Amino acid sequence: MQVFKELGQYGTLMYQALRSSLEPGTYRSNLFQELVKIGYDSIPIIMLTGAFTGAVMTIQTAYQLESSFISESIIGAIVSQSLLIELSAVISSLVLAGKVGARIATELGTMRVSEQIDALESMGLNSVTFLVVPRILSGLLMFPVLYVLAASTGIVGGILTAYLTGALPIFEFMKGARLYFFPWDVLFGFVKMFVFGFLITSVASYKGYYATGGAEGVGKSTTQATVLGCLYVVTADFVLAALLL
Amino acid sequence: MIEIRNLTKSFGRATVWKDVTLNIHRGETLAIIGRSGCGKSVLIKHINALLKPDSGEIYVDGENVFGMDYVGLRKMRQKFGILFQGAALFDSISTFENVAFPLRYFTEQSEEEIRKNVLEALEMVKLQNVAEKSTAELSGGMRKRVGLARAIVLKPQYLMYDEPTSGLDPQTSDEINELITMLAETMEITTIVVTHDMHSVLRIADSVAFLHDQCLHWSGSVEEMKTSNDEALLSFIKASEYQI
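Residue numbers (my numbering), protein chains in the order written: chain A, 1121 to 1365; chain B, 2 to 245.
If you're looking for bench data, these hints aren't it; they were derived computationally from the structure. Being a predicted model, the structure only gives us computed values, none of them experimental. Accuracy of the hints is not assured; some may be wrong.
Below are the DSS-like pairs computed for lysine-lysine, each with C-alpha atoms no more than 30 Å apart in a straight line [stated by the list, open to error]: (1) B:Lys127 x B:Lys117; (2) B:Lys134 x A:Lys1125; (3) A:Lys1219 x B:Lys134; (4) B:Lys134 x A:Lys1157.
Far from chain A, by Cβ distances over 12 Å, these chain B residues were calculated [claimed, not checked]: (5) Thr16; (6) Glu29; (7) His218; (8) Gly221; (9) Thr228.
Here a beta-carbon is modelled for each residue, glycine too, at the ideal position from N, C-alpha and C.
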């Protein structure tokens, strides 16, 4: 019963957000702030995660394919394609579910329990337009941008690791990466990040917006937002792979 | 004028109150009193439709607040200023911006006019020197006063206070009480105060509504309260350690 109630509440919140997204005057200033918080502020962690993912992938793939019958360029192909199709999107999103999802749920939850959301409403301002819409829109816009960054640093990390460890020559890595580069893989990555961005920001907004019960309630909402965000990312990843590949 | 008609509210199976009927006249200061958890704050959140009742109506200046569309509701809410229990200041912006917030969103005032009006509102609550401070630097009493400045900056017709003196020392409570009386007189505002502080009630109120036993148990003027023989009301006043 509780699941249906929450689904109904989530659906209503998303409907209100969709309807009020046509009032940009109300959320414009918050949108710019959120673009910075979700996008710009996440650059260091996304670059680090991307670079290490590429580096580890290169070492492990080179280790698994250590054979004179397999061309070294295959390692570059596997690493770059894995990064573009799967790893950059999923690993970045799991990190962002923690960073962005937790922040959104905590901010909105604290605003709810300290009556700041009531204060907005009592002034005649639509709190969904003011608080929820800019957060979801920023997620939709910035997650694909962060994907480009994660994938790029991942490939650079892979190339650098290949060079530094002597796993394979750089030109072999590049040759494989170029040979198996398909624009659809990048488009697929964009679609994934668009969906993950929506899921993480909308679930976190929902959990925070309806938080109850003081500090403990905010903590509970934040945990739920992070856990559900991760869970929805891996579930959506499977669904999108099954539907689009 | 605010007319509350047969209002009933419950959360799940727990009834907060039922069949509450009350009139709040223009210019009067009404104190809503009752024990903690009796639904005083819930009642004022119904007046500007922040919460919806199970049944009943509230009319503000003749219009049913629960029958209003989004635009009507927005217009009606701008007639009200509310001081929330914890002041509900936006902690991501400065004190000045908190007070300026309603002006920026609901008026076309220039930056100069906004500055003038914000400083005027802060001066009314005797806090003209804290404009550029962060809200985290303010004490409990200062936060309430800044919340009050934000509530009056749009010059509302109705001002609602949710436990304005709770958590404050007696001296600061007195200052807040003075402010409430001064604002009601100078701005000719209809005032609704939720409190269980009988000292405040006797200082500021014209009339009293007593919520008890899930209903509006007693209502009348302060003078009538002083001579009332109602047992529950007398017991509440006695428990508050205040001698009339």
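Verification of the hints:
1. For the hint pairing B:Lys127 with B:Lys117, the CA-to-CA distance comes to about 15 Å; that is within 30 Å, so the pair holds.
2. Of the pairs offered as hints, the one joining B:Lys134 and A:Lys1125 is violated, with about 42 Å between alpha carbons and a cut-off of 30 Å exceeded.
3. Between the alpha carbons of A:Lys1219 and B:Lys134 the distance comes to roughly 29 Å, so the proposed pair stays at or under 30 Å and holds.
4. Distance restraint check for B:Lys134 and A:Lys1157: the Cα-Cα separation of roughly 23 Å lies within the 30 Å cut-off, and the hinted pair is therefore satisfied.
5. The Cβ of B:Thr16 lies farther than 12 Å from every Cβ of chain A, with a closest approach of about 19 Å, so its non-interface assignment holds.
6. Every beta carbon of chain A lies more than 12 Å from that of B:Glu29, the smallest distance being close to 21 Å; the non-interface claim holds.
7. For B:His218, the non-interface assignment is confirmed: its Cβ lies about 27 Å from the closest Cβ of chain A, beyond the 12 Å cut-off.
8. At roughly 28 Å, the least C-beta separation between B:Gly221 and chain A is larger than 12 Å, which holds for a residue marked as non-interface.
9. Listed as a non-interface residue, B:Thr228 keeps its Cβ farther than 12 Å from every Cβ of chain A; the least gap is roughly 36 Å.
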